[in-house]
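Mind docking chains B and C on chain A? Use the hints.
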Amino acid sequence: MNTVVDRSKDIGPFIPAPDDDMIICRCEEVTKGEIRKAVHAGMWTITEIRRYLRSGMGLCQGQTCSRLVKGIVARELGVSPAELEPATARSPMRPTEMKVFGNEEVSA
Amino acid sequence: MERYDLIVVGAGPSGLSASIEAAKRGMKVIVFDENEKPGGQLFKQIHKFFGSKEHHAKIRGFKIGEELLKEADELGVEVVLNATVMGLYIDKEVTVRIGDGINHYKGDTIIVATGAAENMVTFPGWTLPGVIGAGAAQTMMNLHGIKPGNRVLMLGTGNVGLVVSFQLIQAGCEVVALVDAAPRVGGYGVHAAKVARTGVPFYLSHTIKEAEGDEFITGVTIHEVDSTFTPIPGTEKHFDVDTICMAVGLSPMSQLLKMAGCEMEDNPKRGGQVPIIDDYGRTSVPGIIAAGDVSGIEEASSAMIEGKMAGVCAAEYLGYCTEKELEETLKVLENDLESLRQGMFAPKNRGKQIEKTEEGIDISTNLLKKGYVTDEEIERFPGVTHKVGVHPVMECTQNIPCNPCQDACKKGCISIGENITNLPFVKNDSECINCGMCVASCSGQAIFLVDEDAGEGKATVTLPYEFLPLPAVGTRGFGLSREGKIVCDAEVLSVKSVPAFDHTNLLTISVPKEYAMRARFFKVG
Amino acid sequence: MEYRIAEHPILGVQEKGRKVTFTYDGKTIDGFEGEPIAAALKAHGLLIHRYTKKEHKPRGIFCAIGRCTDCVMVVDGVPNIRTCITPLKEGMVINTQYGVSDKPFEEQ
Numbered sequence: 167m168n169t170v171v172d173r174s175k176d177i178g179p180f181i182p183a184p185d186d187d188m189i190i191c192r193c194e195e196v197t198k199g200e201i202r203k204a205v206h207a208g209m210w211t212i213t214e215i216r217r218y219l220r221s222g223m224g225l226c227q228g229q230t231c232s233r234l235v236k237g238i239v240a241r242e243l244g245v246s247p248a249e250l251e252p253a254t255a256r257s258p259m260r261p262t263e264m265k266v267f268g269n270e271e272v273s274a
Numbered sequence: 009m010e011r012y013d014l015i016v017v018g019a020g021p022s023g024l025s026a027s028i029e030a031a032k033r034g035m036k037v038i039v040f041d042e043n044e045k046p047g048g049q050l051f052k053q054i055h056k057f058f059g060s061k062e063h064h065a066k067i068r069g070f071k072i073g074e075e076l077l078k079e080a081d082e083l084g085v086e087v088v089l090n091a092t093v094m095g096l097y098i099d100k101e102v103t104v105r106i107g108d109g110i111n112h113y114k115g116d117t118i119i120v121a122t123g124a125a126e127n128m129v130t131f132p133g134w135t136l137p138g139v140i141g142a143g144a145a146q147t148m149m150n151l152h153g154i155k156p157g158n159r160v161l162m163l164g165t166g167n168v169g170l171v172v173s174f175q176l177i178q179a180g181c182e183v184v185a186l187v188d189a190a191p192r193v194g195g196y197g198v199h200a201a202k203v204a205r206t207g208v209p210f211y212l213s214h215t216i217k218e219a220e221g222d223e224f225i226t227g228v229t230i231h232e233v234d235s236t237f238t239p240i241p242g243t244e245k246h247f248d249v250d251t252i253c254m255a256v257g258l259s260p261m262s263q264l265l266k267m268a269g270c271e272m273e274d275n276p277k278r279g280g281q282v283p284i285i286d287d288y289g290r291t292s293v294p295g296i297i298a299a300g301d302v303s304g305i306e307e308a309s310s311a312m313i314e315g316k317m318a319g320v321c322a323a324e325y326l327g328y329c330t331e332k333e334l335e336e337t338l339k340v341l342e343n344d345l346e347s348l349r350q351g352m353f354a355p356k357n358r359g360k361q362i363e364k365t366e367e368g369i370d371i372s373t374n375l376l377k378k379g380y381v382t383d384e385e386i387e388r389f390p391g392v393t394h395k396v397g398v399h400p401v402m403e404c405t406q407n408i409p410c411n412p413c414q415d416a417c418k419k420g421c422i423s424i425g426e427n428i429t430n431l432p433f434v435k436n437d438s439e440c441i442n443c444g445m446c447v448a449s450c451s452g453q454a455i456f457l458v459d460e461d462a463g464e465g466k467a468t469v470t471l472p473y474e475f476l477p478l479p480a481v482g483t484r485g486f487g488l489s490r491e492g493k494i495v496c497d498a499e500v501l502s503v504k505s506v507p508a509f510d511h512t513n514l515l516t517i518s519v520p521k522e523y524a525m526r527a528r529f530f531k532v533g
Numbered sequence: 013m014e015y016r017i018a019e020h021p022i023l024g025v026q027e028k029g030r031k032v033t034f035t036y037d038g039k040t041i042d043g044f045e046g047e048p049i050a051a052a053l054k055a056h057g058l059l060i061h062r063y064t065k066k067e068h069k070p071r072g073i074f075c076a077i078g079r080c081t082d083c084v085m086v087v088d089g090v091p092n093i094r095t096c097i098t099p100l101k102e103g104m105v106i107n108t109q110y111g112v113s114d115k116p117f118e119e120q
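Chains as they are written, first to last, in my numbering: chain A, 167 to 274; chain B, 9 to 533; chain C, 13 to 120.
Hints are computed from structural coordinates only; laboratory data are not their basis.
Mixed in with the good hints, there may be bad ones.
With a straight-line Cα cutoff of 27 angstroms, these simulated DSSO-like cross-link-like pairs (lysine-lysine) come out [claimed, not checked]:
id : chain 1 : residue 1 : chain 2 : residue 2
1  : A       : Lys-203   : C       : Lys-69
2  : A       : Lys-203   : C       : Lys-65
3  : B       : Lys-266   : B       : Lys-356
4  : C       : Lys-66    : A       : Lys-203
5  : A       : Lys-203   : B       : Lys-217
6  : A       : Lys-265   : C       : Lys-28
7  : C       : Lys-28    : B       : Lys-71
For reference, chain A alone in the conformation it holds in the complex (with noise of 0.2 angstroms):
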């Protein structure tokens, strides 16, 4: 599903927008600005953009953002946002805490 291999495709150097400073994700508050800057610095794929920035890594595991950072790596890359990979879905689905995580019932 990830068309974006390229890596050798030129997306031009970061331009400053007046926006950058915007909240995308809500948890981790990370902006717009280090999105977009994350994408010029390499970071193409959805899972990249997620181990350098935490965006989407916290506590609601980015039920908010997700689409909204799709959108702006697709935007800074000049592809369609359906293009990229989402990132891995793994348990758990919610958060939780350890010691609940690990509380495995063996009699449900």
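Coordinates of chains B and C only, in the frame set by chain A:
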């Protein structure tokens, strides 16, 4: 680890419908839902549904939820609440958080009916307390009895934005404006019209410039945008509000399916990341089936049918019904679904600009731009006719799949014809007995009973009224136009509230004769 | 300003649990048992649930269904409790969350 024939994730309209179909065929079914109460979004839907009888038309959403729950319960379906599914694995094992522990279950089939999450847009101030999702507003007022705010600006004119705006007014909030960056109202015209006639202005081709306030919202500024969505300087408008509500679309919550290894695609027509499925919701992993919004954004009526399909497919997969029964059942359900997916709002018409109705009538441009049909435009629709004596005036101007009005009239005055999306018309040879059933049955609140000449220079208009306090007979006030502007004096002649109307009160007002076709709402003077 | 809906035109008078008291930032206030903590706070016109870790910005109810985690507070000493889906109980101690603590930033 406990084993079930079928594990359903999500107890919303599609999940419950799926569990019912499976249990009917003898399957041992368990449903997990992370919420405290079952029914998904149905319990927040207090409006009457569209469609036909088979689609629970003219029944309010929360009542449908109660019916589904009762049926599931009678069939022995286990519904476990406060149970969050944490993971779904390729061999159909699920991990569920219940209380402070993680439980493992194995399903021989799995139906994922997790629904959708709300989309959001950003603007300066969007993180301030007071900026909320439309779903949050619905949850607070319809589930918890709390007003989300006193003065609200709604962003988004799709059905969610329109329906929630109306619900906000019902809850006693003031909606100061409906705003949408798109140049046309996205939802049903009848939903827009019932909001507009209460006096809410529509601002299409407008977006939020900024929300104001230091600690919480105190105001908002909107501005107009051009066809490329670029703001036009000098078009700013300010509103004092304590709440901004966003209703800008939904995205499928499909992560569990991705986790389970189902093949996925990004399909803008379905609302985002969705599993690749066949016509009945079967994913690329045999025995894992998707139903409802998780496989493509639609609405609760179609979600229920998709749920039924998924339930039967699961039953057939494990041999609880024959292939023949499956085929026959799916054929019926497919027809039901197809009849819902008709009309100008059908999924296949998404993004298309429809200029004419199926009857060849020009669609009201004012309705799409301002939320109401003008006095001149309304006359061209087949439901709007003139007669001596009391007669129904049906201000239904778009092809949507809905027909309760036709069944409501015992005298056979109203006809829709073969196709459920046709605009209703009044039959010439029939006589209206002023019973009001058509007014109360119209889910779009678009039917009025009008006597254009009631004597002494007066006309009477009977309109649907779902607000409190209910004006008493003899109350004097004003007649409001479709735009929600005061146009004439009016007096309440009668107030009818009978159980058959299901909380849609019928207000009959007396207005000067010349306002018979213009006054469409009543405001206490 | 009254936030509770006394009677609703469709839903009538909503049934609530018994009235209980709890403390919010040290003040004793009331609410109905079993309703979400966030609903009880909103009924008193209290909108700010927390201040964010990085930028110290106020946050309140956003999704109201436990997804976005914006409404988290310190409840009975435990931070990051989603108040929109946590039922109110008699005697609960609910505090504004600053970062992940119930101590204001200047005291941290």
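Results of checking the hints against the structure:
| no. | hint | in the structure |
| --- | --- | --- |
| 1 | A:Lys-203 to C:Lys-69 | holds, 23 angstroms |
| 2 | A:Lys-203 to C:Lys-65 | holds, 22 angstroms |
| 3 | B:Lys-266 to B:Lys-356 | holds, 26 angstroms |
| 4 | C:Lys-66 to A:Lys-203 | holds, 19 angstroms |
| 5 | A:Lys-203 to B:Lys-217 | holds, 24 angstroms |
| 6 | A:Lys-265 to C:Lys-28 | violated, 33 angstroms |
| 7 | C:Lys-28 to B:Lys-71 | holds, 19 angstroms |
When the structure is compared with the earlier hints, a violation turns up for hint 6 alone.
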